[in-house]
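Protein chains: 4
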Amino acid sequence: MRTTILIHCPDQSGIISAVTGFIHSKGGNIIYLDQHVDKEADVFFMRLESDFENNGLDVEEFKKEFASNLAAHYQMQWSLHSDDVLPKMAIFVSRYNHCLYDLLSRFNSGELRAEIPFIISNHEELGYIAKQFNIPFYHIPVTKDSKKEAEEKQLKLLKEHEVDFIVLARYMQIVSSTLIHEFPNKIINIHHSFLPAFAGAKPYHAAFERGVKIIGATSHYVTEELDAGPIIEQDVTTVSHSHTIKDFIAKGRDLEKIVLSRAVNLHVQRKTMVYNNKTVIFS
Amino acid sequence: MRTTILIHCPDQSGIISAVTGFIHSKGGNIIYLDQHVDKEADVFFMRLESDFENNGLDVEEFKKEFASNLAAHYQMQWSLHSDDVLPKMAIFVSRYNHCLYDLLSRFNSGELRAEIPFIISNHEELGYIAKQFNIPFYHIPVTKDSKKEAEEKQLKLLKEHEVDFIVLARYMQIVSSTLIHEFPNKIINIHHSFLPAFAGAKPYHAAFERGVKIIGATSHYVTEELDAGPIIEQDVTTVSHSHTIKDFIAKGRDLEKIVLSRAVNLHVQRKTMVYNNKTVIFS
Amino acid sequence: MRTTILIHCPDQSGIISAVTGFIHSKGGNIIYLDQHVDKEADVFFMRLESDFENNGLDVEEFKKEFASNLAAHYQMQWSLHSDDVLPKMAIFVSRYNHCLYDLLSRFNSGELRAEIPFIISNHEELGYIAKQFNIPFYHIPVTKDSKKEAEEKQLKLLKEHEVDFIVLARYMQIVSSTLIHEFPNKIINIHHSFLPAFAGAKPYHAAFERGVKIIGATSHYVTEELDAGPIIEQDVTTVSHSHTIKDFIAKGRDLEKIVLSRAVNLHVQRKTMVYNNKTVIFS
Amino acid sequence: MRTTILIHCPDQSGIISAVTGFIHSKGGNIIYLDQHVDKEADVFFMRLESDFENNGLDVEEFKKEFASNLAAHYQMQWSLHSDDVLPKMAIFVSRYNHCLYDLLSRFNSGELRAEIPFIISNHEELGYIAKQFNIPFYHIPVTKDSKKEAEEKQLKLLKEHEVDFIVLARYMQIVSSTLIHEFPNKIINIHHSFLPAFAGAKPYHAAFERGVKIIGATSHYVTEELDAGPIIEQDVTTVSHSHTIKDFIAKGRDLEKIVLSRAVNLHVQRKTMVYNNKTVIFS
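These protein sequences, in sequence, are chains A, G, R and V.
Here my numbering is used: the first residue of the first sequence is 1, the next is one more, and so on.
Here my numbering is used: the first residue of the second sequence is 1, the next is one more, and so on.
Here my numbering is used: the first residue of the third sequence is 1, the next is one more, and so on.
Here my numbering is used: the first residue of the fourth sequence is 1, the next is one more, and so on.
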């Protein structure tokens, strides 16, 4: 049985030794360890993957001892994940299909190891894709007046299906504080610019206007401040004077889908940790 | 004899045919033609390289006929350059040596085909590099009080040496309106961020603070608005949570010198045109 | 009405002037011109897009005059395409779905402007994707013994549907000389390495074995020599010692689909020309 | 006092715990730990940076205990480096100046933390650069007949100055077995292609001939098989049909110098380990 442990705590001498010693004493073989110290904040981060032979690990007992022997002493925030439990991921879309197709074709081929209980959209257009992949599709229109009601419907579905995290696959609505507080650092957005450049609406138009030679896409966790959450992944591509805004948009689509899918996979594999509005991304 | 012609004018039917016909009629063989139409502004841009056999071209006569037969009719802004006339380039530096070394080693090996009449610096530190390469070095300190006087000295040198364009190779001073007006779209700066992100001071610190996964450098023509001039060249490199600000600065140095040298070479080869605060970069 | 003209011929003085003059005389407005001279082979290449107002162009008449007035004189190989005629593209696949999904989702959103009369596969697995997108799917198994017969079936379908070009979207069979001769420079393959490195079978395994720090994908026209045809497009991504072969394959999938789709779009937009086993790719 | 420990040994359970426990018991604070397991070869690699407070570490005693308590038990190959001891690096060049300038300007600004006791060249051309930077320059010509004698002179200098490793900064000679055996995985070369593509002579010509769309550079440790040693660092840049061989060479120069300097810095910082003709590169 393989488990992944994520830890962060105030930096202090001896943590690695203590944690690896504990796992070793419980019959675990550490097959991956990556650690990081944020020197400014004096915070220690670690991600460990361990194999426990013969599946002989009593997870609850392990957790109890870890909590009392280590976590309390080092003031750790920590979590333990069995790799055979797939996280549940809801997808929100509007009218663009490229990110949705990219996620679903990865899901389909087993590359994206998550469950997808449903897709929510404020438009009906992409319902046919949900049908193609046999995934329930909920059309929840959002207007100025219905915003609150729509949100309640969304939350009800998310809770009913015990959703772990949300992917905004070019969902063209600003999500509410309520949703953000229910899913802190668990809503993944794709913004079609190289943030912090061109935050907000119409980034390709702004990039064109400015005459940049490179455009980008940024996947980040959603926080209350628009397009200002912790960045998970970014990528860029070159453009030139010969490209029109339409070309920017077409080139950008390729970036958006690849960057978003990479970010989702990092999250699913528990390779992301968030601190001070920044991410630690384990390799 | 090889000449390069740069043209921009209102877009209209028949320009390419008229210009190429004219050159052909004068015994020129077009060995390169690149053209671009800015559809929004309805402006036509063209760059032509032509060979005139046996050096039989009377440049002044050609210019006169071109002006009266073509330029007037099509309302062209245009220029003609003989490839054997090297542009004169002044370099301004402060204390960082990487861009300066990069420019001078290219100059030294013949890759950068320009004359460098002198280097100006507000500090003495890099004088030894000028000495290494046998290039006159003028130390012109700039303080709040001496700013105007310093500028006059700079302008005097620039005029005396008939300098064509200026390269700010990490010159840590804001150049004045006067200088900008004397050298419109002829002052090339390197900014150590992926503009328009992180304009202004300390971009690596700001990038670190924001937790970006990619940093960049931007070379642009200097205009009165800080870091907002027409972009010539940009490039980026990946960073991660494990990099400190010091690492950002070190990785950035490589970007800065390569991006600046590429921009300078594009300018020297007359492959840049500026319009509406954007550049057309010919290939 | 917009047309694209592609020309190559022995390099000589006056071609651009002659062609642009001719188009102008026929009421055409050149909205894009790109040209290239292969200095070693002394061959001239040109791509022109022209608008003819009021759709007043008699295409057959234009072609006849172009042929007699220009093409004969300059020994041109040339073609003229109306932009409203979509090329017909057949897709060949085996068992991997990522390139197929990428092509079809672009087709679906109107980004890939071609007709897709059918998909051929030597396996049944991906039939469901064809069904998802309502495209006829022909399962033509290929064994040592049935190879010739299979090929005849393929050719029959290709001819019946007047297919213009073929895309091998990770088709794990070597196509025959017959097919290659019927579709010269019209079969586009994606090879999962940075050619010419790691041609042939199992390139990711070979790359892993060699310990490279960058892997790539290459799209090329198929010629009789395996993986040695004219390269249309390449891209790469970084890898490290920490990546397994499985990671190489996963990262490679993203490259493969993007590189293949880019190459297909270049072909569809008639931006590729082939000469001496190399491509000219217009911007 | 900061030390870096590099370890590799057969993979087995408990190593991390044992090593980190030992360091902790000696008053060391681990400030960086990166580890890797080569699953195929079943080999474990680790790099640790530790701070020992008050400089109270008795290095010799630490080494002795480490050897007897840990290294023997786990069959480790290991080394310990104090960060205040700079490695001694010899540079070999021929006629190209770009890599040399790049290394020396980094050396000059303190970015490259090594000693450079001398530069060796088979030509006199670059002697002036050595003079610019006040570094001894030895001109040791190499002809068919003098090859052995030249090598002896090189070896003598290398030993006299207790050189730790050698950088071939575009040294256009094949180094002998003798030298390779004296400096195993301690001779760093820069090859001007994306290996394993275009090994051997004239890679840019071969790349041009093949019509690739991307060119590269590779820095690797020198082994007896030409251009086949463990790869440290690679990078690439795009090219097109419009680039001549001369353009390839010019674009390649920028790659070569950056890639070589990065590889040298990784080596100097003891971030490289070699196993089975591959490298582990720590972050």
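Hints in this document: simulated from the structure, not taken from any laboratory.
In this text, a Cβ means the ideal position worked out from N, Cα and C, and glycines have one as well.
One or more of the hints may lead you astray.
Stretch by stretch, here's where chain A covers chain G in the computed footprint (C-beta under 8 Å, at least three residues) [to be verified]:
hint	stretch
1	146–155
2	176–188
3	195–205
4	268–282
Label pairs and their in silico Cβ distance ranges [as the list claims (entries may be wrong)]:
hint	chain 1	residue 1	chain 2	residue 2	range
5	A	Ala41	V	Glu53	15 to 23 Å
6	A	Ala41	V	Leu80	50 to 58 Å
7	G	Gln77	V	Ala206	58 to 66 Å
8	R	Asn276	V	Met172	41 to 49 Å
Which chain G residues face chain A? A few, computed with CB under 10 Å, are given here [as the list claims (entries may be wrong)]:
hint	residue
9	Tyr32
10	His36
11	Asp38
12	Glu40
13	Lys64
14	Ala67
15	Leu70
16	Ala71
17	His161
18	Phe208
19	Leu226
20	Ile232
21	Glu233
22	Gln234
Do the hints match the structure? See the list:
{"no.": "1", "hint": "146–155", "verdict": "violated (count 0)"}
{"no.": "2", "hint": "176–188", "verdict": "violated (count 0)"}
{"no.": "3", "hint": "195–205", "verdict": "holds (count 4)"}
{"no.": "4", "hint": "268–282", "verdict": "holds (count 5)"}
{"no.": "5", "hint": "Ala41/A x Glu53/V: 15 to 23 Å", "verdict": "21 Å, holds"}
{"no.": "6", "hint": "Ala41/A x Leu80/V: 50 to 58 Å", "verdict": "30 Å, violated"}
{"no.": "7", "hint": "Gln77/G x Ala206/V: 58 to 66 Å", "verdict": "44 Å, violated"}
{"no.": "8", "hint": "Asn276/R x Met172/V: 41 to 49 Å", "verdict": "30 Å, violated"}
{"no.": "9", "hint": "Tyr32", "verdict": "16 Å, violated"}
{"no.": "10", "hint": "His36", "verdict": "6 Å, holds"}
{"no.": "11", "hint": "Asp38", "verdict": "8 Å, holds"}
{"no.": "12", "hint": "Glu40", "verdict": "9 Å, holds"}
{"no.": "13", "hint": "Lys64", "verdict": "31 Å, violated"}
{"no.": "14", "hint": "Ala67", "verdict": "26 Å, violated"}
{"no.": "15", "hint": "Leu70", "verdict": "23 Å, violated"}
{"no.": "16", "hint": "Ala71", "verdict": "23 Å, violated"}
{"no.": "17", "hint": "His161", "verdict": "31 Å, violated"}
{"no.": "18", "hint": "Phe208", "verdict": "9 Å, holds"}
{"no.": "19", "hint": "Leu226", "verdict": "14 Å, violated"}
{"no.": "20", "hint": "Ile232", "verdict": "8 Å, holds"}
{"no.": "21", "hint": "Glu233", "verdict": "6 Å, holds"}
{"no.": "22", "hint": "Gln234", "verdict": "4 Å, holds"}
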